[in-house]
Amino acid sequence: MTITLHDYSLSGSCYKVRLMLGFLGLDYDRRQVDFYPGRQHKRPEFLAINPLGQLPVLEDDGLVLRDAQAILCHLANRYDGGGTWLPRDPARFGPVMMWLMFAGGELMAASSARLHDVMSYDLDIDAARRSARAAFRVLDDHLTHREIDGATWIVGDHPTIADLACFPYVALSGDGGIGHEEYPAIRNWLREFRKLPGFHAMSGIPEYV
Amino acid sequence: MTATTDPVARNEWIACGWLGQIRPGASHDTMVLGQPIRITRKAGDGYRIAEIGEDGAEGRELPVQTRYTCIFTTLGEPSRPLPEIAEFDEPDRIVVGCGNVGVNTSPYRLVENFLDMAHFSFIHVDTLGATDKTEVLAYRTEHRKDVDEIWAVDCTFFQPAASKAVKGGQMTRYQYRVMSPFSVMLYKNISEDSDRNDAICVFIQPLTETRCLAYMPMAIVDNENTAADIADFQQSIFLQDRVILENQRPALLPLDPTYELPTRADASSIAFRRWLKAMDIRFGIYEKQAA
Ligand SMILES: N[C@@H](CCC(=O)N[C@@H](CS)C(=O)NCC(=O)O)C(=O)O
Ligand SMILES: [Fe+2]
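Protein sequences appear in the order of chains L and U.
Counting in full-length UniProt numbering, the first sequence runs without a single skipped number right up to 209 at its last residue.
Counting in full-length UniProt numbering, the second sequence runs without a single skipped number right up to 291 at its last residue.
Some hints could be false.
As the list claims (entries may be wrong) - Simulated pairs of lysine-lysine, DSS-like, Cα-Cα distance not exceeding 30 Å: (1) U:K133 / L:K195; (2) U:K145 / U:K164; (3) U:K164 / L:K195; (4) U:K167 / U:K145; (5) U:K167 / L:K195; (6) U:K277 / U:K288; (7) U:K277 / U:K145; (8) L:K42 / U:K288; (9) L:K42 / U:K42.
Source of the hints: derived by calculation from the structure; they are not laboratory data.
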């Protein structure tokens, strides 16, 4: 049984999956996709694997999965014996899903800002930064409440796939011209996340947050 | 900003696009030195570049050259030609550009970062440098007057993974070459038994004084990896630099030696700044505020 990740080093979405594979200690094959400048993810051969033309895609035992959040659920469901990355009890499952969707939804505005600044994507940069900051505000407020309750992570007492999915584009936001100055609780949370065993950074994540 | 009036900057060749960026028949609007320009790819082959006026209409036509995977233009009358880089003509090399990458700083900060070996052990940990091997050994800098280029030669640095092709650490030998205020390259000796150096360039398109696009054409000796693998490696390195570059203050480069204290590792940066000062370039330079 082999796991194959269609990957591009500078993709924050692919990084979500690389982090998860690392935390779970899973070996995998890497398929290099020339995302930029090649736009290989929009070519017919790749569209056959993911008709949405997006990275990442994970192949595992005959399954072909797209969407980083879906892939995190799959990996946690299948390989996390401890069950801490994806808690199944009613008090935590729903909130984890909620913040997971937030990571794949509202937070992706920070990804757009980054694509604009780094790879010259033609989009409304002010709107992207504004939306990203609004999402960061929501996350920072939540994490502030969590701190007051003596908690560290987005949901429960352990890091979950909600933390993992939110981490990359928050940590990489400087690439898109969005600093962390206004988000003290986010800064604390980023710092804790980096201490997790098996954590590895990617290019664009500042050494000291 | 409006187009610079600095004749020194205007008289240089400047990268403004990469081959493959624009579809045949299409055009792309960008900027060089504050001057908006339109690049049109003709139906057959070749490009046309024109200034875009205040009214949005195309104005004066500009010279065009395509080479090293890039499109070049100039606002003035260049005294120096595009550099000769023979490695790009060797048929068995992998020649790959990396598109371009936006960086919010002045062009010279990019050149200096590229010349600086001291940052390898801190910024490119486990690839171009190791945290426990930080020493920059003495090297020589030269102003080659015949071509008016700055060179740094006899550079060596310990690298855990010097390129996509290398497995394991090695002392890598480097030569650096600054061909213009907006272009720099290095020759890098990847394997002990080989005298064929990898050639890696950085051509900088200053959009404004503090906003740039960086092009990174490479001519690499590598029988194992694909162009995409090599580009991915280089882009990963460059995005580590980008964090540092965008945080440097001031973004403009001070040429007053009292402003930033150089260390021995900065010999190439000292030579570079001296050279810029001697050519009296003004664009992108930090001018001391009047007291
Ligand atoms: N919903 C997807 C979106 C991922 C995504 O935006 N991927 C980027 C690369 S980081 C991509 O492939 N973009 C191309 C596109 O959306 O056309 C996920 O979370 O995995
Ligand atoms: Fe670097």
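Here's how the hints hold up against the structure:
1. Distance check on the hinted pair: K133 of chain U and K195 of chain L sit about 24 Å apart at the alpha-carbon level, within 30 Å; holds.
2. This hinted pair does not check out: K145 of chain U and K164 of chain U have alpha carbons roughly 35 Å apart, beyond 30 Å.
3. At most 30 Å may separate the alpha-carbon atoms for a hinted pair to count; K164 of chain U and K195 of chain L meet this at roughly 28 Å.
4. Pair hint K167 of chain U plus K145 of chain U does not hold up; C-alpha atoms about 38 Å apart against a cutoff of 30 Å.
5. Taken as a hint, the K167 of chain U and K195 of chain L pair is honoured in the structure, with Cα atoms around 28 Å apart against an allowance of 30 Å.
6. Simply put, K277 of chain U and K288 of chain U have alpha-carbon atoms about 14 Å apart, close enough for the 30 Å limit, and the pair holds.
7. Distance restraint check for K277 of chain U and K145 of chain U: the Cα-Cα separation of roughly 15 Å lies within the 30 Å cut-off, and the hinted pair is therefore satisfied.
8. For the suggested pair K42 of chain L and K288 of chain U, the alpha carbons sit about 49 Å apart, so the restraint of at most 30 Å is broken.
9. Restraint check: the Cα-Cα separation between K42 of chain L and K42 of chain U comes to about 24 Å, which is no more than 30 Å; the hinted pair holds.
When each numbered hint is compared with the structure, violations occur for hints 2, 4, 8.
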